[in-house]
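The task is simple: from the sequences and hints, build the whole structure.
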Amino acid sequence: MTAENSLHDDDRLPVKMLNDRILVKLGDAEGERRSSGGILIPATAQVGKRLTWAEIVAVGPNVRTIESGDQVLFNPEDRYEVEVNGTDYIVLRERDIHAVAAERLDEGSTGLYL
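Residue numbers for the sequence shown follow my numbering, so the first one is 810 and each next one is one higher.
FYI, nobody ran anything at the bench for these hints, they're computed from the structure. Even glycine gets a Cβ: it sits at the ideal position worked out from N, Cα and C. Warning: the hint list may mix true and false statements.
[To be verified] Label-pair distances were calculated between CB atoms; the ranges are:
1. 858 x 902: 17 to 27 Å
2. 846 x 873: 36 to 46 Å
3. 828 x 907: 16 to 26 Å
Right, dumping it as structure tokens:
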């Protein structure tokens, strides 16, 4: 990734996000997970409206509060998936982000996009 917030592979054209668009990459596969008490929850378990964390890979020029490398919280049902250079990503708008987690945020800041 370059300073212009774009993805780049030497054999392919660079990709740059436009306007308020954000490109994120999910961490581990959305499969089994463990509760804080150690109970294994299968991927097939029904969970109502669970938000998901992902890492910011690239941002458009009109994004104001989020930077590459930040972790963001969003609704996984409100997403568009795209494959770039064989890797799956999700395209969101800044207004679709519910919270931001980053070391650069002040302790007094909530990180919420309001």
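Hint check:
1. In this structure the supplied range 17 to 27 Å holds for residue 858 paired with residue 902, their Cβ-Cβ distance being about 19 Å.
2. Our hint of 36 to 46 Å for residue 846 and residue 873 holds, since their Cβ atoms are close to 39 Å apart.
3. Taken as a hint, the range 16 to 26 Å holds for the pair residue 828 and residue 907, whose Cβ atoms sit roughly 20 Å apart.
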